[in-house]
Structure formats: structure tokens, C-alpha cells
Amino acid sequence: MLAGVVFLVGIVVLMTGAVMKLTVVGIIGFVVMLGSAYIALTSWRGQSHVAEQSSASTQAGTPPSFSVIEGGRAKKRGMRTPKRRSQSHGSMMQRFEERWRRRRDQNGY
Numbered sequence: 001m002l003a004g005v006v007f008l009v010g011i012v013v014l015m016t017g018a019v020m021k022l023t024v025v026g027i028i029g030f031v032v033m034l035g036s037a038y039i040a041l042t043s044w045r046g047q048s049h050v051a052e053q054s055s056a057s058t059q060a061g062t063p064p065s066f067s068v069i070e071g072g073r074a075k076k077r078g079m080r081t082p083k084r085r086s087q088s089h090g091s092m093m094q095r096f097e098e099r100w101r102r103r104r105d106q107n108g109y
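To convert, note that position 20 of the sequence shown is 20 in the numbering used here; the numbers rise steadily by one, no gaps.
Each hint should be verified, as a subset may be incorrect.
What the hints assert, rightly or not - Ranges between beta-carbon positions, derived for each pair: (1) A40 x R104: 44 to 52 Å; (2) M15 x R99: 44 to 52 Å; (3) M1 x R99: 46 to 54 Å; (4) S91 x G35: 42 to 50 Å; (5) A18 x N107: 47 to 55 Å; (6) R95 x M20: 51 to 59 Å; (7) A18 x R45: 28 to 36 Å; (8) Q94 x R45: 35 to 43 Å; (9) Q106 x T42: 22 to 30 Å; (10) L22 x Q47: 49 to 57 Å; (11) G46 x M93: 39 to 47 Å.
Calculated directly from the structure, the hints in this document are not laboratory data.
Every value quoted in this text rests on a predicted model; they were computed, and no experiment measured them.
Beta carbons: idealized from backbone N, C-alpha and C, even for Gly.
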């Protein structure tokens, strides 16, 4: 919630800098917006990560513990990786060309 309020303050500072034609004030407003968005997203990810760990640890019978928020994307549970097509289908350009030929032959172009 606090990050959202700071984000709105950043918007106000950015717009003030734009209206008053003060580039430095506009840049400061943008940096404030960027910083608050970063903090909001990392805390949101951290809460969901801790919630996943606490639900897993309570299921295992161990007490919940604190964790460190890791940077980067964490692999979500239950998400499947896309299956790769076999080489018999050819390259992407070959598939596009084949599709174009079929459309051209069917429509009489």
C-alpha cells in the first residue's frame, strides 16, 4: 500500500516537472515511480514465495520459517515447459512457406 502511495507521489512529481519544464524534477519523479514499483513487485513476489513455502512446510509438519527474497524469476510449480516440435516438421520459415502455398492454391491467387 505504501509503495502505491509513493508511486502516486512520483507521478505528481513527474507531471509537475513536465508542466514547469524542469527536466531534473521530472527525472526525479520517474526515479521515485520506478523505485516504488520495484519495491512493490519484490514485496509482492516475496509474500507469494513465503506463502508457498509456509504451506509446503506446514504440510510437511515443520514450522514455517523466514526466507530471503531471491532475484530473478522463480520457476512456478505446476507449470509445464512447452514441448518442442520434432525435426520432421521443418523450420519455422518452411512451415510459413508451406502455409502460404496452401492458401495461394486454395484461393486461386
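Now the hints, each set against the structure:
{"no.": "1", "hint": "A40 x R104: 44 to 52 Å", "verdict": "51 Å, holds"}
{"no.": "2", "hint": "M15 x R99: 44 to 52 Å", "verdict": "48 Å, holds"}
{"no.": "3", "hint": "M1 x R99: 46 to 54 Å", "verdict": "50 Å, holds"}
{"no.": "4", "hint": "S91 x G35: 42 to 50 Å", "verdict": "44 Å, holds"}
{"no.": "5", "hint": "A18 x N107: 47 to 55 Å", "verdict": "51 Å, holds"}
{"no.": "6", "hint": "R95 x M20: 51 to 59 Å", "verdict": "55 Å, holds"}
{"no.": "7", "hint": "A18 x R45: 28 to 36 Å", "verdict": "31 Å, holds"}
{"no.": "8", "hint": "Q94 x R45: 35 to 43 Å", "verdict": "40 Å, holds"}
{"no.": "9", "hint": "Q106 x T42: 22 to 30 Å", "verdict": "52 Å, violated"}
{"no.": "10", "hint": "L22 x Q47: 49 to 57 Å", "verdict": "37 Å, violated"}
{"no.": "11", "hint": "G46 x M93: 39 to 47 Å", "verdict": "43 Å, holds"}
Hints 9, 10, counting from the list given before, are not met by this structure.
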